[in-house]
Amino acid sequence: MKHIGLRKGILFVGLILGGALVPVFVESSYWLHVFTMAYFYGLMAATWSFLDGYAGQFSFANIALLLIAGYTSALLAKHTGLPFLLNLIIGIIASGVIGLFIGYLCLRFKGAYLALFTIAFSEGIRIIINTEHQVTRGPAGLHADAFFDTTSKVPYYYLIFIILVISIFIMYRILRSKWGLFFMAIREDDEVASALGVNIVRYKIIAFVVTSIFCGVAGVFYTHFNQMLTPNFGEIATMGLVIGMAIIGGVENLIAAMLGGILLEFGLESLRELGAWRMVAFGGLLMIVVRFARNGLLAPLYRKLIGEEL
Amino acid sequence: MRRLVVVLTVICFVCISSTMVVASETKEKEPIKIGVVLPMSPPGAYASGNPMWWAALQAAEEVNEAGGIMGREVVAILGDTRGVPEEARAATERLITKDKVVGVVGNYHSSCALAEIDLFKDHNVPYIGSEPWSDDVTAKGYKQVFRISITNSLYTDITVAWTIAAGFKRVGVIQEITDWGLGVNKQLKAAWDEAGIKNETAFTDMKTEDFTETLVRFNQWDPPADMFFGSITGPGAFRIIKQAYDMGFSPSKKTVFYATNSCLNPEVWEVAGKAAQYIVVTQIGLPPSAYTEVTKRENEKFEKKYGRMMNATVMEAYDSFMLMCEAIKKAGSTDPDKMIDALENIKWTGMRGEYYFPYGSKNPVPADKPAYMWHQWPDVSEYLFQYTEVGQKPEDGTVIWPPKWSQLPKGQYFVPVK
Amino acid sequence: MYGLDYFFMQGANGLVIGCLYALMALGLTLIFSVLKVVNFAHGEFYMIGGYMSYFLVTLVGGVNPFLGVLFGMVVLLVIGSTFDYLFLRPMHRGEVDRPGEYAILLTFGLSFFLQNLVLAVAGPFPHRTPSFMEGGVRIGAISISADRLIAAGLALALMLALLTFIKLSWTGMAMRAVSQDQDAASVAGINPLRMSNIAFAIGAALAGASGALIAPIFGIVPDVGVLPSIRSFIIVVLGGMGSIKGAILGGIIIGLVESMGAAFIPDMSRALAYRQLYGLMIFVIVLLFRPRGLFGEAQ
Chain G
1 MKHIGLRKGI LFVGLILGGA LVPVFVESSY WLHVFTMAYF YGLMAATWSF
51 LDGYAGQFSF ANIALLLIAG YTSALLAKHT GLPFLLNLII GIIASGVIGL
101 FIGYLCLRFK GAYLALFTIA FSEGIRIIIN TEHQVTRGPA GLHADAFFDT
151 TSKVPYYYLI FIILVISIFI MYRILRSKWG LFFMAIREDD EVASALGVNI
201 VRYKIIAFVV TSIFCGVAGV FYTHFNQMLT PNFGEIATMG LVIGMAIIGG
251 VENLIAAMLG GILLEFGLES LRELGAWRMV AFGGLLMIVV RFARNGLLAP
301 LYRKLIGEEL
Chain L
311 MRRLVVVLTV ICFVCISSTM VVASETKEKE PIKIGVVLPM SPPGAYASGN
361 PMWWAALQAA EEVNEAGGIM GREVVAILGD TRGVPEEARA ATERLITKDK
411 VVGVVGNYHS SCALAEIDLF KDHNVPYIGS EPWSDDVTAK GYKQVFRISI
461 TNSLYTDITV AWTIAAGFKR VGVIQEITDW GLGVNKQLKA AWDEAGIKNE
511 TAFTDMKTED FTETLVRFNQ WDPPADMFFG SITGPGAFRI IKQAYDMGFS
561 PSKKTVFYAT NSCLNPEVWE VAGKAAQYIV VTQIGLPPSA YTEVTKRENE
611 KFEKKYGRMM NATVMEAYDS FMLMCEAIKK AGSTDPDKMI DALENIKWTG
661 MRGEYYFPYG SKNPVPADKP AYMWHQWPDV SEYLFQYTEV GQKPEDGTVI
711 WPPKWSQLPK GQYFVPVK
Chain W
729 MYGLDYFFMQ GANGLVIGCL YALMALGLTL IFSVLKVVNF AHGEFYMIGG
779 YMSYFLVTLV GGVNPFLGVL FGMVVLLVIG STFDYLFLRP MHRGEVDRPG
829 EYAILLTFGL SFFLQNLVLA VAGPFPHRTP SFMEGGVRIG AISISADRLI
879 AAGLALALML ALLTFIKLSW TGMAMRAVSQ DQDAASVAGI NPLRMSNIAF
929 AIGAALAGAS GALIAPIFGI VPDVGVLPSI RSFIIVVLGG MGSIKGAILG
979 GIIIGLVESM GAAFIPDMSR ALAYRQLYGL MIFVIVLLFR PRGLFGEAQ
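Chains as they are written, first to last, in this note's numbering: chain G, 1 to 310; chain L, 311 to 728; chain W, 729 to 1027.
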């Protein structure tokens, strides 16, 4: 046991220290931007792993929840005089509330039905945001204020880095706790879990709410980092990207999924020259991983290094 | 076996990625890099963006054949905005901070341009807008931003003038929800309302396949609409013409069909066929009667290589790239402030006329002129033409407006359907 | 203004297009029925059907458009069969923990792959296959283009052919057996792997046929399948997953709903824009209140 704890500790400290030192070594504003987006995708991939890898709920709604938080925050800023931080918090809460609502509606759904329902929800949100362009400015994009009054990427890098570390830490603790066990029981067979006394209603909803809150956090970050939000970002293709990242990393391992998001975002960025072929490769990779390496590419590595599952 | 496949895949992926990264980092420092931001893939208007990119490449090639600029090679570097403002920002960031371009040209989507200009300001990089029409692009008055395309306001003014002259009293519009579309629609509506022209707009998502029901609604008007504006770009642009025609609505004897400049592409004949025979299309630029030597020469070259003629947006891409090169030549340096100064004083003849920017830091926009005239080429011409034969090239269509170029007899403002 | 004539005119269009929606949804429901898989690449099969038809009729040239449809179907039979063989076998063999999710991920990856492959290879420009027949038909107030009528007619014919095949042929009965109980079927001597393969291939071919039939009407472009894909899910859920009757009826209903929504909602600034939302709303309502749909089995 001690060995595992030690190895984990070294890994985590190593990652955190490494991450904290990146801006010292990387001066290029461009690469810091890439790192920032990579951490963002890492966070999104982790939320998907949390909901599907651990709680067994295959949901396409994560991106829509991100949009909800972002639009709420930006619209509040536009139409009310509320303080910046409050807008962010309200945005995140909005996501959480909608997540609660979806979780409740999805209680009776499993597998494909859950996926389809959440696709319908996601598309519905996107269409509404697009069509109500009087309010949201539709595809022209809604402007949002920046976090920091500087062109440097460094503060943004640290902001998302801190957000990522804290979010992963919280999710990790939840998954290692009693709650995590309940999630996994539900994932395996929710009828059996219920028979064994697990309150599946409560924990399914909790899983959705926690996920939505973190999607909301990612959402407000994305919105105020890019200083703009468009409904296009909520297309199924974006969600597919996040799901792919989590799967390729290793959906049943939070850290592996997060690293999958980070590394794949780097990979996709570096392969820009390939144009549409990048996505062809991504789709192909996803299919190959699901077919031949169901646990993902990074999770087995993690297990080898650390000696246990997350 | 399984593991081997996985390991090999991962190794391949990592190798390819790192090679590309290393390769791009070790590019020579010598060439002059100019960024070109365009929508090259969905959800952007990639059907427009791709030929614009080819035009920029053609320009770069020519400059290099003539010996480059100051003895250095010119390289066009692409940034795919995908028509999404966040992507546009990211692409521009990359061009500026990673590729270290000395100037940027391009944009088709206004929303993307508007998302990018703050970056041009913050990093002091000169930008020439090829095709973003939103007034705000230049109205914001950024020192780095220039534009050679038309603005929404100018476009609206000319279009409305035509509808009034033609005597249209009832206009129906199906308008796609995009940044350009919404801006133009708002202004058209205001102008038509003011002129007492009845108008109604049905908004739609860009991806809509079937407009039939809504077209039927417009077709029910009594008295009928005399003009219908199918304000859709991309694949829908051709579909809507076909659907409107097939039901006998427009183009027809009673209702003139006004189309977007997506219909400058030859695909319009493949997809819409006979339906597009009498549509009215706007071209931003010079009518064939006013083509310069440059226009003819470049157009021929392009057609030979790519199998299609350059339409207005494509010419703008060519011109903006060349203009940026000319600015560097004139400034004798790639220093941004010197380039900006050169642009403010430039006079250069391209495919669409002689470029100059009357209003700039030395001559600010006076109060009685609209704010968007800042760093705006004032002689952007727009003309409306009508296809009269199936399979026609835009150059062979009949010019119907403005009167100074119109090929129609005086007092006639469109070609009626036979 | 909104008289009976108007109602019939708009309704006719919805009905006709609904037949084509139904054909595609039929493919999806067949795949679900036999393989228990929701095919997230169905829209791309539709898209490729259109492109293959275009390739044969326009690029190769001189070929009857009807053969283009056939060609599209054949290509999709091959693609469907190959994909099932390469990727879905472990699932059929019971080697996968969570087969539902496995299938979703694989077909989703396939959809990404195919859409971008076509974009990379064929380019982004929209195209259209030549019409089956020019002109239109006028019956009273209703006027419909010949293309749409022919496409709908062929769609109905194909659906009828499939129904006959399922009900009367040995393979059809074998597929039904597998869809009801895979283990029992294999005990009875039916090879479920083979039946699944055939079902997936046929399902893909039906989507391809739908795409090829619609190509002269709506044209083709790499992402032309995105909307139809979601629409197929809606139809299949509405009709009942695995129900052939349901898919056909559902397709027509959704065709009419989209049509009627665009035609009758008074707010012109939203009526058309929300066209997809009407179907989505029905989808959500069905899922919440009667998840088995019109003809599906109770869960």
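Hints in this document: simulated from the structure, not taken from any laboratory. The model shown is predicted, which means the values in this text are computed figures rather than measured ones. You may find that some hints are simply not true.
Unchecked claim - Label-pair restraints from in silico Cβ distances:
| id | chain 1 | residue 1 | chain 2 | residue 2 | range |
| --- | --- | --- | --- | --- | --- |
| 1 | L | 600 | W | 851 | 39 to 49 Å |
| 2 | G | 14 | W | 788 | 51 to 61 Å |
| 3 | L | 671 | W | 788 | 51 to 61 Å |
What the hints assert, rightly or not - Okay, the calculated bits of chain G under chain L, using three or more residues with CB under 8 Å as the criterion:
| id | region |
| --- | --- |
| 4 | 5–11 |
| 5 | 125–135 |
| 6 | 232–246 |
| 7 | 286–292 |
For every residue, glycine included, the Cβ atom is placed at its ideal position computed from N, Cα and C.
How the hints compare with the structure:
Hint check: residue 600(L) to residue 851(W), Cβ distance near 32 Å, so the stated range 39 to 49 Å is violated. The supplied range of 51 to 61 Å is met by residue 14(G) and residue 788(W), whose beta-carbon atoms lie about 59 Å from each other. The hinted range of 51 to 61 Å is satisfied by residue 671(L) and residue 788(W), whose Cβ atoms lie roughly 59 Å apart. With a threshold of 8 Å between beta carbons, the proposed coverage of the region 5–11 of chain G by chain L is violated, since 0 of its residues qualify and at least three are required.
Interface restraint, the region 125–135 of chain G with chain L: holds (4 residues with C-beta to C-beta distance below 8 Å; minimum three). Under the rule that three or more residues need a Cβ within less than 8 Å of chain L, the assignment of the region 232–246 of chain G holds, with 3 such residues. Remark: the region 286–292 of chain G is confirmed as covered by chain L, as 3 of its residues place a Cβ nearer than 8 Å to a Cβ of that chain, reaching the required three.
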